[in-house]
Every structure is written in structure tokens, then in C-alpha cells.
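*Asks:* Below, each chain spelled out in residue letters.
There are 2 protein chains.
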Amino acid sequence: MKAKISIITLGVKNLVKSKKFYAKLGFKANDKYKGIIFFKLQNLTLALFPQKELAEDATVSVKGSGFRSFTLAHNVSSKKKVDAVLAEAKKAGGRIVKFGQDVSWGGYSGYFKDPDGFLWEVAWNPFMDLV
Amino acid sequence: MKAKISIITLGVKNLVKSKKFYAKLGFKANDKYKGIIFFKLQNLTLALFPQKELAEDATVSVKGSGFRSFTLAHNVSSKKKVDAVLAEAKKAGGRIVKFGQDVSWGGYSGYFKDPDGFLWEVAWNPFMDLV
Numbered sequence: 696m697k698a699k700i701s702i703i704t705l706g707v708k709n710l711v712k713s714k715k716f717y718a719k720l721g722f723k724a725n726d727k728y729k730g731i732i733f734f735k736l737q738n739l740t741l742a743l744f745p746q747k748e749l750a751e752d753a754t755v756s757v758k759g760s761g762f763r764s765f766t767l768a769h770n771v772s773s774k775k776k777v778d779a780v781l782a783e784a785k786k787a788g789g790r791i792v793k794f795g796q797d798v799s800w801g802g803y804s805g806y807f808k809d810p811d812g813f814l815w816e817v818a819w820n821p822f823m824d825l826v
Numbered sequence: 696m697k698a699k700i701s702i703i704t705l706g707v708k709n710l711v712k713s714k715k716f717y718a719k720l721g722f723k724a725n726d727k728y729k730g731i732i733f734f735k736l737q738n739l740t741l742a743l744f745p746q747k748e749l750a751e752d753a754t755v756s757v758k759g760s761g762f763r764s765f766t767l768a769h770n771v772s773s774k775k776k777v778d779a780v781l782a783e784a785k786k787a788g789g790r791i792v793k794f795g796q797d798v799s800w801g802g803y804s805g806y807f808k809d810p811d812g813f814l815w816e817v818a819w820n821p822f823m824d825l826v
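Chains as they are written, first to last, in my numbering: chain A, 696 to 826; chain B, 696 to 826.
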């Protein structure tokens, strides 16, 4: 198996609403395909698909609640940029769950939730080149 | 905001067990940092972090159950390779939840679960270059 992830698919409640949110963040939507949205990011594809259909595709129950136990991190090159991206996410309709702050591992980070509650960390990490 | 995801972090129950699983799939672990595992993939970083600590870091409740409402897709260049990767995942200790099969959108795909139940789709897609 190659060490790569081609697509991250988020199962969403409202495709139109979620698409608008990510479009406001500057992600370019490919809506050539019906019923699914693909955002071609710099390094992989982010897909939005109705939650129910995603569960059906994986042949699992759609039932679930609470913490999804994963986060997506968006790394930037300075503390200021962490705050700027969090502000941008808020303006787009996201909810700040943790304001940018110095963290125990020596970086600076905060979190926002997208319209479905998916957690994005915005981080400045002085130890790893993730920008 | 740039259109990129730097890291996907999975909140896991057992760091050692999960690390072994992904190592068996051929992902190279960087365990230079204590208490967190980073796999530098071709296009982004996959991190494993204890579930409880991940929730704490995001300042959200760790409570959650059932469908996490997201999938990670690993695309390959043929139907045969879909079956081969699924077999590899099973051998590594993953659970096949959907065997490779022709799917409605014109491709061929199957799913496996990692030790924490995270869903990976293995897919051949003749319409998009995701390999």
C-alpha cells in the first residue's frame, strides 16, 4: 500500500450549506458530479457527501453522535496567521471552539468547527515544516 | 486560507496497537515525539494520538459513538489493486467491511476498518486521477 490518502470525505447534513462554507474559506468546488462536491486542495481532495449516503456506501449504520475522534489540521507560518485563519473561519460561519493560544508542545493553535461540527485545528508548529 | 490539509489526526484507543497496524501497511512512523505518532505520507501527515488527549486538546467532550461520518480514501490504478490492498489491510489486522465491487458511480471500491473502526475506502476511479 502506498503511503497516501487520496480523498477525505466528510458526511454532511446539508450539502449546499457545507459547500458554501468551504467556498467562503477559498476552496474551489468541483460540482461537475451530481450529489457530491469535490474540493481539489493542494495536496489531496476534500469531498462532501450526504452523511446517510456515505454510511450506505460503506455499508455501515449512519447512527453516531458526539466526538468523531479525528481532526484536520491546517498549518500556517506564524501565530498571527493562526488568528487570521480562525477569524476567517468564523466569518465564513464556522464556530471557534478554542482561540489561538500557546500550547504545551511549543506551538500555537486553535480550533474551529465547520457547519457539521467537524474539527479543524489551525496551528503554527515551529518544529515541523507543515506549511 | 490556503486550500490544504497538513495533518489528519486520528484519536485512538491504543497508540501501540494502531501504530503497528499502520506500520504493517507500510507507513513509516516517526516516533521522535513522545505520546504521538506521525506518519509522513506522500502528500500529508497522518497522526495518531490518544482519543482522550485529542478531545482535550480541542477542548471538546471525548464522548462519542457510532459512525464518525468521514472516510479516508486510498485510490489505486486498477480493480485488482483494490482487492490487493484490502487483502493487505486484512492481513495487517484490519476488518473488511465491504469487499471490492463495482459501484454505482462507475468505479470499483471496498472498505476496511482500522483497529479503532476508522473507515478507509480503497478505490479505483476511472474518471479522476487520484493515484
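Heads up, some of the hints might be wrong.
Put simply, identical chains are the same to the list, so a pair is met inside one copy or across any two.
[Claimed, not checked] Only pairs whose alpha carbons sit at most 20 Å apart, straight line, appear in this in silico DMTMM-like list of lysine to aspartate or glutamate:
| # | residue 1 | residue 2 |
| --- | --- | --- |
| 1 | Lys727 | Asp778 |
| 2 | Lys758 | Asp811 |
| 3 | Lys699 | Asp824 |
| 4 | Lys727 | Glu783 |
Just so you know, the hints here were simulated from the structure itself, not pulled from any lab data. Being a predicted model, the structure only gives us computed values, none of them experimental.
*Asks:* It remains to establish, for every hint, whether it holds in the given structure.
*Replies:* Consistency of the hints with the structure:
1. Taking the shortest alpha-carbon separations for lysine 727 and aspartate 778, neither the intra-copy value of 34 Å nor the inter-copy value of 28 Å comes in at or below 20 Å.
2. In this homomeric assembly, lysine 758 and aspartate 811 come within 20 Å of each other (Cα to Cα) both inside a single copy, at 15 Å, and across copies, at 16 Å.
3. Within a single copy, lysine 699 and aspartate 824 get their C-alpha atoms as close as 18 Å, and across copies as close as 14 Å, so both meet the 20 Å cut-off.
4. For a Cα distance limit of 20 Å, the shortest separation of lysine 727 from glutamate 783 qualifies neither inside one copy, at 27 Å, nor across copies, at 33 Å.
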